[in-house]
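Visitor: So the chains spell out like this:
2 protein chains.
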Amino acid sequence: MTHWKLTLSYDGTGFHGWQVQPGRPTVQGALADALFQLSAERVLPQGSGRTDAGVHALGQVASFALAAPIPAANLLRALNRALPASIRILTAEAVPPSFHARHSALRKTYEYRIFERRPPDGESDPDAELAERICSPFLAPYVWDCRWPLDLAAMRSAAATLLGTHDFTSFAASDPDLTLRAADSTQSTPQPPTQPNPVKTLFRSELLRERGLLLYRVTGSGFLHHMVRNLVGTLVEIGRGSLAPDDMPRILAGKDRTAAGPTAPPQGLFLVCVEYPEPAEPTP
Amino acid sequence: MTHWKLTLSYDGTGFHGWQVQPGRPTVQGALADALFQLSAERVLPQGSGRTDAGVHALGQVASFALAAPIPAANLLRALNRALPASIRILTAEAVPPSFHARHSALRKTYEYRIFERRPPDGESDPDAELAERICSPFLAPYVWDCRWPLDLAAMRSAAATLLGTHDFTSFAASDPDLTLRAADSTQSTPQPPTQPNPVKTLFRSELLRERGLLLYRVTGSGFLHHMVRNLVGTLVEIGRGSLAPDDMPRILAGKDRTAAGPTAPPQGLFLVCVEYPEPAEPTP
Chain P
1059 MTHWKLTLSY
1069 DGTGFHGWQV
1079 QPGRPTVQGA
1089 LADALFQLSA
1099 ERVLPQGSGR
1109 TDAGVHALGQ
1119 VASFALAAPI
1129 PAANLLRALN
1139 RALPASIRIL
1149 TAEAVPPSFH
1159 ARHSALRKTY
1169 EYRIFERRPP
1179 DGESDPDAEL
1189 AERICSPFLA
1199 PYVWDCRWPL
1209 DLAAMRSAAA
1219 TLLGTHDFTS
1229 FAASDPDLTL
1239 RAADSTQSTP
1249 QPPTQPNPVK
1259 TLFRSELLRE
1269 RGLLLYRVTG
1279 SGFLHHMVRN
1289 LVGTLVEIGR
1299 GSLAPDDMPR
1309 ILAGKDRTAA
1319 GPTAPPQGLF
1329 LVCVEYPEPA
1339 EPTP
Chain X
1059 MTHWKLTLSY
1069 DGTGFHGWQV
1079 QPGRPTVQGA
1089 LADALFQLSA
1099 ERVLPQGSGR
1109 TDAGVHALGQ
1119 VASFALAAPI
1129 PAANLLRALN
1139 RALPASIRIL
1149 TAEAVPPSFH
1159 ARHSALRKTY
1169 EYRIFERRPP
1179 DGESDPDAEL
1189 AERICSPFLA
1199 PYVWDCRWPL
1209 DLAAMRSAAA
1219 TLLGTHDFTS
1229 FAASDPDLTL
1239 RAADSTQSTP
1249 QPPTQPNPVK
1259 TLFRSELLRE
1269 RGLLLYRVTG
1279 SGFLHHMVRN
1289 LVGTLVEIGR
1299 GSLAPDDMPR
1309 ILAGKDRTAA
1319 GPTAPPQGLF
1329 LVCVEYPEPA
1339 EPTP
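Which chain is which? The protein sequence lines are P and X, in order. With the first letter of the first sequence counted as 1, position 81 gets the number 1139 in the working numbering; the numbers rise by one all the way through. With the first letter of the second sequence counted as 1, position 73 gets the number 1131 in the working numbering; the numbers rise by one all the way through.
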């Protein structure tokens, strides 16, 4: 068996998320089909984590093992020929059997993209509603088209309080979907269907205006289901003045989903990259 | 009645083209539905021309008349609220009754976007096939992902021979679809279902490499059905060496569709803008 690590990018618009589901197009399902097509082996690639319907990836990582001896360059080209254009394999490399896309991950980075209809300069203009920017149809599937003027300083102040190690229960989806999580582990070490550990460490949590967009970039040891979208929904509440920056530590401490803001829409979210120990761990 | 001119942009990926079709999402149909929603008037907006399924627009123009007195800014905002995010109205202005998006048009500009898997530098490298660039999933719906190395100088030479006034019969779709054309005229001056005049004038016909893409930009007095895509398909045949630049005048003169190259795929094509006489013609 050769153990493989793929990095891949996908436009999540047309998929019902990463996780394979009967009768629905998913990224994991498309990848399994492509692998079967070229190797006649039925494998279920393991992702570094699930992405929800509509969420995109610039650098998702998947791992699996194949019996067929295929050179890495051929595997990459054959997969890209077999896959739809909305999924592209960027790299393919043989890894030790101990490598697992999810279990071996050290840090993950996400970016959330917000389109601001109200340009920052117009925030104080009472007639600004008539001067709304129009979100291009080519941008709409990749941003949150946000109608409110946003106070960047307040959002930055709140984002900074998220750095470090916290219990992020307030930002976890209330439906942790344990059945699906258990199903995702069929080809790897079985996992007990317990609640995931809500304590995570954020190494980066920052907002910047770039290319006409407001971007939230966050790097963490791991993320709970819907966590980035719930953080962004709360940061936007703070940006529009419905919550204050000082509310963020209170919401974290409350360990209560209802204290936080709404879940930001999926299409603004990009899984940017997943980091692993370097060099690759030796075979156990 | 107020006569209106809209400029609009749309991502053609999810539409069966401009032209209204029963039971299928089209841009004209979505616009008619949005106008009905806000005015309770059933009008069929006339486009500057049809775009095919998968073809995009940065500056399509549509015209129609409404009895309801609506300020232009309100019409624009209400339409953008009613329309899907894949269609955005960029401007709305009242025009004289003589204005018609198709009949009044003077010049139209299209851009066709080609992704070159083989970077220009690698053209002479026999191992270049292994070094193919990978077309991002976020770019794929908006380009022709072209596998052949392309000789830009040959394509430019051929593109220049298209300038001026020619009979473009060799580049017209063999199915001119006269029934649909007649149906498109229901709200305007009825047009006899004759073959469109194949003689057109091109004011611009040029290729350039920009933002990592090969772009074909063409401005003309008018375009036959599939004309830009057939020109691009032929230019790519020349770029890959299957035809010579000198073949282009011969193909034009032959007035024979089968002499030209294949029809380039729709998703690389953008209707950029439509030009009208300035200032607007007085009411007749």
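If you're looking for bench data, these hints aren't it; they were derived computationally from the structure. Any given hint could turn out to be false.
[Stated by the list, open to error] Example chain P residues on the side facing chain X (calculated, C-beta under 8 Å, incomplete):
1) Arg1146
2) Cys1193
3) Phe1196
4) Asp1203
5) Glu1264
[Stated by the list, open to error] Which residues of chain P face chain X? A partial, calculated answer using Cβ under 8 Å:
6) Thr1065
7) Tyr1068
8) Glu1151
For every residue, glycine included, the Cβ atom is placed at its ideal position computed from N, Cα and C.
Visitor: Next, verify each hint and record whether it holds.
Guide: Hint check:
Checking Arg1146 of chain P against chain X: minimum C-beta separation of about 5 Å stays under 8 Å; hint holds. A distance limit of 8 Å between C-beta atoms decides the matter here; for Cys1193 of chain P the minimum to chain X is near 7 Å, and the interface restraint holds. Below 8 Å, beta-carbon pairs count as interface contacts, and Phe1196 of chain P has one with chain X at about 5 Å; its hint therefore holds. The closest approach between the C-beta of Asp1203 of chain P and any C-beta of chain X is roughly 7 Å, which is under the 8 Å cut-off, so the hint is satisfied.
Nearest Cβ of chain X to the Cβ of Glu1264 of chain P: about 23 Å, over the 8 Å cut. The hint is violated. Annotation: interface hint on Thr1065 of chain P violated; nearest CB of chain X at approximately 11 Å, more than 8 Å. Of the supplied interface hints, the one on Tyr1068 of chain P holds, with its beta-carbon coming within about 5 Å of a beta-carbon of chain X, less than 8 Å. Taken as an interface hint, Glu1151 of chain P does not check out: its beta carbon lies about 15 Å from the nearest beta carbon of chain X, beyond 8 Å.
Violated hints for the displayed structure, listed by number in ascending order: 5, 6, 8.
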